[in-house]
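A.B. asks: Sequence:
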Amino acid sequence: MDLNLIQTFLVVAEYQSYTKAADHLGLTQPAVSASIKRLEKVVNKQLFVKKGRGIEPTASAYQLIPKFHQAISIVDNAISERSAFQVCCSETLLHSLTPIEHTVFHESPPEKYLLFEQIRQQKMDLIIDTVITKDSSFVIENAYQEPAVVICRQGHPRIQGQLSKTQFYQESHCLFSGKWNNTTGFEQLANEPIEERIVEIVTTSLSSMALYVAQRDCLGVVSRSFALKWSKALKLQILDCPIAISLIPYKFIYHKRELNNPAHQRLREKIKVQLEQAHAHPIEL
1 MDLNLIQTFL VVAEYQSYTK AADHLGLTQP AVSASIKRLE KVVNKQLFVK KGRGIEPTAS
61 AYQLIPKFHQ AISIVDNAIS ERSAFQVCCS ETLLHSLTPI EHTVFHESPP EKYLLFEQIR
121 QQKMDLIIDT VITKDSSFVI ENAYQEPAVV ICRQGHPRIQ GQLSKTQFYQ ESHCLFSGKW
181 NNTTGFEQLA NEPIEERIVE IVTTSLSSMA LYVAQRDCLG VVSRSFALKW SKALKLQILD
241 CPIAISLIPY KFIYHKRELN NPAHQRLREK IKVQLEQAHA HPIEL
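Counted from 1, the sequence shown has number 134 at position 134 by UniProt numbering; the numbering is strictly sequential.
Please keep in mind that the hints were generated in silico from the structure rather than gathered at the bench.
Be careful, since some hints might not be right.
Simulated pairs of lysine to aspartate or glutamate, DMTMM-like, Cα-Cα distance not exceeding 20 Å [unchecked claim]:
id, residue 1, residue 2
1, Lys165, Asp217
2, Lys123, Glu107
3, Lys270, Glu101
4, Lys165, Glu196
5, Lys251, Glu117
6, Lys165, Asp240
7, Lys41, Asp2
8, Lys270, Glu258
9, Lys20, Glu258
10, Lys179, Glu117
11, Lys51, Glu40
12, Lys45, Glu14
13, Lys256, Glu269
14, Lys272, Glu107
15, Lys272, Glu146
16, Lys229, Glu146
17, Lys256, Asp23
18, Lys179, Glu200
19, Lys179, Glu111
20, Lys67, Asp2
21, Lys179, Glu107
22, Lys112, Glu141
23, Lys270, Glu141
24, Lys251, Glu141
25, Lys20, Glu56
26, Lys123, Glu111
27, Lys179, Glu192
28, Lys37, Glu56
29, Lys123, Glu101
30, Lys251, Glu276
31, Lys270, Glu107
32, Lys165, Glu187
33, Lys123, Glu258
34, Lys179, Asp135
35, Lys179, Glu196
Listed next, with one range per pair, are the computed distances between beta-carbon atoms [to be verified]:
id, residue 1, residue 2, range
36, Lys179, Pro147, 17 to 25 Å
37, Thr133, Ile74, 29 to 37 Å
38, Asn4, Gln265, 20 to 28 Å
39, Lys41, Gln265, 31 to 39 Å
40, Glu56, Glu101, 36 to 44 Å
Keep in mind that this is a model prediction, so the values were computed, not measured.
Just so it is clear, CB atoms sit at the ideal spot from N, CA and C, and this is done for glycine as well.
Given only the sequences and the hints, what does the whole structure look like? Please build it.
C.D. replies: Right under this line is the structure:
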């Protein structure tokens with residue numbers, strides 16, 4: 001028997017609504033209804049009947065609920081003994097995290113829209129990034145925040161120790177390609193109208209940006225912890241951003257189904273403690 005059918009059945013039985021079950025599972029209402037019909041054919045019993053504007057389980061369904069819960073619990077326990085949580089994390093924060101048992105960290109892709117699909121498809125259990133959504137299937141919690149700074153090489157011929165707004169726009173920039181809702185992170189954080197910047201190159205990672213800036217006379221905007229981590233090894237200046245911008249707000253994003261999962265709760269707490277206690281020390285290569 002397809003375990004997905006059983007899981008869908010249990011959620012429908014809990015909410016007694018195809019619509020609410022679909023929201024919880026991140027599926028469409030027709031998909032949930034089709035799953036229930038498939039399960040009814042397998043068990044050869046009617047599982048739900050209409051009641052007012054909603055539905056309610058039949059006597060046969062009530063008999064199956066505890067048995068199915070037990071079956072799912074056995075499978076979940078067996079899986080948890082040998083599998084790991086998959087966590088997709090912003091490149092900026094990866095350097096702040098130390099290994100966590102039964103957890104595999106992945107770097108977030110520049111195409112931020114892919115993150116939510118990965119959670120829906122259960123390829124990822126948790127996202128730590130700056131993206132948000134109004135989709136009720138997902139839970140979004142505050143994880144960590146820090147300021148953005150400007151980096152340039154120590155030998156920059158025109159910038160030494162401080163950076164004015166005029167210089168910011170006169171110099172060429174190395175940009176990060178990551179976008180959300182067709183806007184860059186810098187554009188999302190800006191608290192004032194921003195002018196068009198002179199773009200020298202666009203990179204797909206912050207590491208590539210830092211390496212490029214270390215060898216060229218251009219600017220990059222990164223998180224303070226990332227800049228501190230690599231400033232010594234790459235001989236970078238760290239400058240206050242002359243543009244009024246908000247702190248970078250990193251979020252925990254995960255599916256509703258994990259909200260009350262004790263193991264998932266412990267994972268989020270461990271990561272949050274690490275982020276709050278992390279201090280970026282410059283490293284040498």
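A.B. asks: When the hints from earlier in the document are held up against this structure, which numbers fail?
C.D. replies: Hint check: nothing fails, all pass.
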